[in-house]
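Trainee: The chain contents come next:
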Amino acid sequence: MNNFAEYATGEPVVDTKAPEGPVAERWDKRRFEAKLVNPANRRKHTVIVVGTGLAGGSAGATLAEQGYHVVQFCFQDSPRRAHSIAAQGGINAAKNYRNDGDSIHRLFYDTVKGGDFRARESNVHRLAQISVEIIDQCVAQGVPFAREYGGLLDTRSFGGVQVSRTFYARGQTGQQLLLGAYQALSRQIAAGNVELHARTEMLDLIVVDGRARGIVARDLITGKIDTYFADAVVLASGGYGNVFYLSTNAMNSNATAIWRAHRRGAYFANPCFTQIHPTCIPRTGDHQSKLTLMSESLRNDGRIWVPKAKGDTRPANEIPEDERDYYLERIYPSFGNLVPRDIASRAAKNVCDEGRGVGPGGQGVYLDFADAIRRMGRAKVEEKYGNLFDMYERITAENPYEVPMRIYPAVHYTMGGLWVDYDLQTTIPGLFAIGEANFSDHGANRLGASALMQGLADGYFVLPSTINDYLARTSFTEAVGPEHPVVQEVLAETEDRLNLLLSVDGDRTPDSFHRELGELMWEFCGMARTETGLRKALERIPQIREEFWRRIKVPGTGEEFNQSLEKANRIVDYLELAELMCLDALHRSESCGGHFREESQTADGEAERKDEEFSYAAAWEFTDTGASPVLHKEELTFEYVHPTQRSYA
Amino acid sequence: MKLTLRVWRQKNAGADGAMSTYEVDGISQDMSFLEMLDTLNEELILKGEDPVAFDHDCREGICGACSLVINGDAHGPERTTTCQLHMRSFEDGDTIDVEPWRASAFPVVKDLVVDRSAFDRIIQAGGYITAPTGAAPEAHATPVPKPDADFAFEHAECIGCGACVAACPNGSAMLFTSAKVNHLNVLPQGAPERETRVLDMVGQMDAEGFGGCTLTGECATACPKGIPLPSIAAMNKEWLRANRKAAKR
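Just so you know, the protein sequences line up as chains A and B, in that order. Numbering-wise, the UniProt record's numbering puts 599 at position 599 of the first sequence, and it's gapless, one number per residue. Numbering-wise, the UniProt record's numbering puts 49 at position 49 of the second sequence, and it's gapless, one number per residue.
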C-alpha cells in the first residue's frame with residue numbers, strides 16, 4: 001500500500017500580502033506601502049532571473065533599466081527562443097477601444113469566472129488593471145500588432161467572451177511580444193546591465209539562512225557546474241506540461257527550476273490544474289515527439305463529428321450524413337461547437353473511449369469544413385483559415401479542403417505552479433516566481449489570450465515594483481560565496497545526481513522512461529480523473545522511479561555537451577512532480593475548470609464544483625522524495641464575483 | 001522506409017569532424033525529420049554510442065532552433081524549418097546527407113549544433129527601440145498606416161534560425177540584419193534611432209565575420225519565413241541615407 005496519499009494538513013496560509021480595501025485600489029495601495037530602494041543603491045544588488053520568455057525577458061529588462069545588476073539564464077542558445085514564442089492567438093487588454101462595454105472590471109470578472117472560482121481576486125484585478133499598460137508598452141517597443149486602415153490597433157473576440165479585447169499579430173502574437181521583450185533585454189545586455197548566460201541550465205537553488213541567495217547551474221556546452229549568487233532569485237522558467245511527454249510545449253521546456261525550488265522549501269500550488277486544449281493535430285504513431293496546436297478559431301466554422309457506429313473505418317467522405325454524430329451540437333444545442341476548451345476536450349475523449357474515434361489508433365475526431373465551404377465558398381474559407389489549413393496539410397499530408405481535419409485534445413498549459421503571495425514571492429524569502437511558473441491568476445482554467453497578458457504583467461510591472469520592498473527591507477551583510485558550507489553541499493548534491501545518472505549504465509533510454517510516465521499521466525491524470533485511476537498512478541510512479549535509477553542509460557560524460565544527460569536529469573524531477581500532481585488531483589474530489597473528477601459531475605455529465613469543501617488553493621510543502629507532503633490551504637474569498645455553476649447546454 | 005544517413009560528427013569546437021554513415025529502418029512517412037533523427041539516437045544510445053547532437057525546441061517552426069543542412073540545402077528540400085519537414089519528402093532507400101550550418105561566424109559546438117550568438121550581438125548593437133518600461137504613451141497616440149504596419153510585420157517574422165547565412169555562398173547575414181532594420185525603421189516609434197540603428201547593426205555584422213552580399217538570392221530562397229530579397233536593398237538604402245546624414249553633420 002502506498003502511503004504517499006496519506007498526507008498531513010499543516011497550518012493554513014493566512015497572509016497573502018494582498019492589501020485590504022476596495023479591490024480596485026489594492027494595487028496602488030501595495031505599491032505605495034512597498035519600500036523603495038534608492039536608485040544609487042540598486043547597482044549594489046544583484047538579481048538572478050532564470051528564463052527569458054515573456055515573464056523573464058520583460059523582468060530582466062525592466063530590473064536592469066531600474067538600475068539593478070541582473071544575471072540572467074536560459075538553456076536555449078538565445079533568449080529569443082523561449083517557448084512564449086509559439087503562442088498564436090493574442091493578448092487580452094481592457095482598452096475598450098471598440099466601445100463595446102469592456103472595462104477593467106469586466107476583464108477581472110471574466111477571468112475569475114473563467115478560472116472557475118479558484119483564483120485570488122486581488123491578483124486577478126491587478127492583472128486586468130495592468131493589461132492596458134502592457135499594450136502601450138509593447139506598441140512603444142515596435143511590436144507590429146494588427147492594425148486597421150485608419151492606422152489604429154485591430155482587436156478580435158476570443159475564447160467565447162462577448163467583447164472584442166484581444167490584440168494580435170496575425171497568428172504569431174507570442175513571437176512578436178517575445179521579440180519585443182528580447183530586444184529590450186538585448187539593449188540592457190549591450191549596456192552591461194544584464195549578464196546573460198545562454199545554454200546554461202539551473203539545476204538547484206541555494207538557500208542560506210532561510211533566504212534564496214543563488215543558484216547552481218550547468219554550462220550545457222562545457223558541462224561545467226557553477227554557482228551564482230544574488231540578493232534575490234526570480235524563477236521565470238515556465239510550466240510543467242512536459243510531465244505528460246506529449247504536449248504542445250517545446251521539447252526542452254521543463255520543471256527542474258521550480259521543482260528544485262519546491263524541494264528547497266517553496267510550496268507548490270494546485271499542481272493538478274492543467275489545461276488540455278481541444279484542437280491539436282492527433283499523434284500518428286509511437287515516434288511522435290510533440291503535438292501541434294491548431295488555433296481554436298477553427299471551431300467558429302468547423303463542425304465536429306464522429307461516426308455513429310463503433311469501429312467504422314470507412315473514409316469520412318463515404319459516411320453518409322445520417323450515420324454521423326455531431327456530438328457537440330447534439331449534447332450542447334445552444335453552444336454547439338463553441339463550448340469551452342475543457343468541455344470540448346472531454347467530449348472528444350468520451351466518444352473515442354466509446355470506440356468511435358477516427359484515424360490511427362482511434363484517437364481523433366473530425367473537424368469538418370464541408371458545410372462552411374458550401375456556405376461561404378472555398379475562397380472565403382481560404383482567406384480566413386488558409387495558413388492553418390496549410391500547416392495542417394504540411395504535418396498530415398491531408399488536404400482539409402477535401403477531407404475533414406482530424407483533431408484530438410493535448411496538454412497545453414499548466415495553471416498550477418509555485419505558490420506566490422501578492423508580491424509574487426514564494427514561501428522562500430527572496431525567491432520570486434513569475435509567468436506560467438507560478439500559480440497565481442488563472443485558477444482552475446485559463447482563458448484564451450490570457451497567458452501572454454499574465455507573463456508580461458508579472459515581468460514588466462508587478463515584480464519590478466514588489467521586489468524593491470524585499471530588497472529594501474532585508475539586510476545583506478553576510479556575503480554568500482562559493483566557500484559557504486551550504487553552497488558546497490548543494491553543489492555536491494547536484495554533481496552526485498548527475499554522476500549517478502551517468503554511472504547506472506542500464507538498458508533503457510531517457511526517452512523510454514519519459515514516454516512511459518507521460519502515458520501513465522495522460523491515462524490517469526489527464527482529461528478525466530477517478531479515485532481508482534489516481535491511486536493506480538500513485539502506486540505505479542514510485543515503481544517507474546525505482547526502475548529508472550536501476551536501468552537508465554546515459555551515454556557520454558558530464559564534462560561535455562550531452563543532451564541525453566540534460567533529458568535524464570529533467571526526468572528525475574518529472575518522476576517526483578507527477579506524484580504530487582496525482583495526489584493533488586486525488587485530494588481535490590471536486591471537478592473544477594480543467595480538473596474533472598468523474599465522481600463529481602451533475603446529472604447531465606457536467607463538472608460539479610464543491611465550494612464548501614474546496615474553495616481554496618492547495619499549497620504543498622515538500623518533505624522527502626516519495627514521502628507524503630504537507631498540505632497548506634489558502635482559503636479563497638469572493639467579495640466581487642460570486643461563484644455560480646457553469647452551464648453551456 | 002529504410003534510409004542511409006551520412007551525418008557530420010564532430011566532438012567539440014576544437015576537434016576535427018567527419019561524415020559518418022548510419023542505416024535507419026522502419027521510418028514512417030509521417031515522421032518529421034527530427035523524429036527520424038530521434039529514432040537513430042535511441043538506437044545509438046542502446047548501442048552505447050554517442051547520439052547525434054542537434055538543436056531543436058518548439059518543433060512547430062517558430063523558435064528558430066533547428067538548423068540542419070540536408071542534402072546541401074538549409075532546412076532541406078521544402079521551404080520550411082527542419083522540424084516541419086516530414087519524411088514523406090524522401091523515398092525509401094534514399095541516402096541523405098545531414099550537416100550543420102556552415103559559416104565562419106557560426107562555429108560548430110558539437111555535431112550539428114552551431115553557435116549563433118553573433119545574431120544576438122547584432123540585435124544588441126541596435127535591433128531595438130529604446131522604450132523603458134513605464135515610459136510608453138497611450139497606444140493609440142501614434143497611428144501607424146496599415147501598409148507600414150504590414151511591412152514591419154513581414155520583416156518581424158524572422159525567426160533568427162540562420163538559414164540565410166547557411167545558404168549564402170559568402171556566409172552573409174544581410175537578410176537577417178535587414179529584416180530587423182526594416183521592421184523597426186519603418187515604424188514612427190523607431191524613427192529617433194533610425195540612423196544609429198542601421199549603422200551600428202551593420203558595423204556589428206561586419207565585426208562578427210559574416211561575408212559580404214553579392215546578391216545571389218540564396219538567402220531569401222532558403223528563408224522558411226519568406227523574408228523577401230528586396231529587404232536587403234531597403235537596408236542598403238537606409239545605410240546610405242544614414243551615412244550621408246552623418247557626413248553632413
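Heads up, a few of these hints could be off.
[What the hints assert, rightly or not] Have a look at the derived ranges for each label pair, beta carbon to beta carbon:
#: 1; chain 1: A; residue 1: G336; chain 2: B; residue 2: E23; range: 46 to 56 Å
#: 2; chain 1: B; residue 1: R249; chain 2: A; residue 2: G67; range: 47 to 57 Å
#: 3; chain 1: B; residue 1: R249; chain 2: A; residue 2: R43; range: 28 to 38 Å
#: 4; chain 1: B; residue 1: M19; chain 2: A; residue 2: D226; range: 52 to 62 Å
#: 5; chain 1: A; residue 1: E608; chain 2: B; residue 2: E23; range: 50 to 60 Å
#: 6; chain 1: A; residue 1: M376; chain 2: B; residue 2: R249; range: 55 to 65 Å
[Said to hold, decoys possible] Straight-line C-alpha distance at most 20 Å; calculated EDC-like pairs for lysine to aspartate or glutamate:
#: 7; chain 1: A; residue 1: K553; chain 2: B; residue 2: E49
#: 8; chain 1: B; residue 1: K47; chain 2: A; residue 2: D136
#: 9; chain 1: A; residue 1: K224; chain 2: A; residue 2: E495
#: 10; chain 1: A; residue 1: K384; chain 2: B; residue 2: E49
#: 11; chain 1: A; residue 1: K567; chain 2: B; residue 2: D50
#: 12; chain 1: B; residue 1: K47; chain 2: A; residue 2: D507
#: 13; chain 1: A; residue 1: K567; chain 2: B; residue 2: E43
#: 14; chain 1: A; residue 1: K224; chain 2: B; residue 2: D150
#: 15; chain 1: B; residue 1: K11; chain 2: A; residue 2: E383
#: 16; chain 1: B; residue 1: K146; chain 2: A; residue 2: D136
#: 17; chain 1: B; residue 1: K11; chain 2: A; residue 2: E559
#: 18; chain 1: A; residue 1: K567; chain 2: B; residue 2: D92
#: 19; chain 1: B; residue 1: K2; chain 2: A; residue 2: D286
#: 20; chain 1: B; residue 1: K146; chain 2: A; residue 2: E383
#: 21; chain 1: A; residue 1: K553; chain 2: B; residue 2: E43
[As the list claims (entries may be wrong)] Computed list of chain A residues with no C-beta within reach of chain B, every gap over 12 Å:
#: 22; residue: K17
#: 23; residue: F75
#: 24; residue: D77
#: 25; residue: I134
#: 26; residue: E148
#: 27; residue: D371
#: 28; residue: E495
#: 29; residue: Q543
#: 30; residue: A627
Hints were generated in silico from the structure; no laboratory data involved. Where a beta carbon is used, it is the ideal one built from N, C-alpha and C, also for glycine.
Trainee: Indicate, hint by hint, whether the structure satisfies it.
Mentor: Results for each hint:
no. : hint                        : in the structure
1   : A:G336 - B:E23: 46 to 56 Å  : holds, 51 Å
2   : B:R249 - A:G67: 47 to 57 Å  : violated, 32 Å
3   : B:R249 - A:R43: 28 to 38 Å  : holds, 34 Å
4   : B:M19 - A:D226: 52 to 62 Å  : violated, 35 Å
5   : A:E608 - B:E23: 50 to 60 Å  : holds, 56 Å
6   : A:M376 - B:R249: 55 to 65 Å : holds, 57 Å
7   : A:K553 - B:E49              : holds, 11 Å
8   : B:K47 - A:D136              : violated, 56 Å
9   : A:K224 - A:E495             : holds, 10 Å
10  : A:K384 - B:E49              : violated, 49 Å
11  : A:K567 - B:D50              : holds, 14 Å
12  : B:K47 - A:D507              : holds, 9 Å
13  : A:K567 - B:E43              : holds, 16 Å
14  : A:K224 - B:D150             : violated, 45 Å
15  : B:K11 - A:E383              : violated, 48 Å
16  : B:K146 - A:D136             : holds, 18 Å
17  : B:K11 - A:E559              : holds, 12 Å
18  : A:K567 - B:D92              : violated, 31 Å
19  : B:K2 - A:D286               : holds, 17 Å
20  : B:K146 - A:E383             : holds, 18 Å
21  : A:K553 - B:E43              : holds, 12 Å
22  : K17                         : holds, 22 Å
23  : F75                         : violated, 9 Å
24  : D77                         : violated, 6 Å
25  : I134                        : violated, 9 Å
26  : E148                        : violated, 7 Å
27  : D371                        : holds, 28 Å
28  : E495                        : holds, 21 Å
29  : Q543                        : holds, 22 Å
30  : A627                        : holds, 32 Å
Of the numbered hints listed earlier, those contradicted by the structure are 2, 4, 8, 10, 14, 15, 18, 23, 24, 25 and 26.
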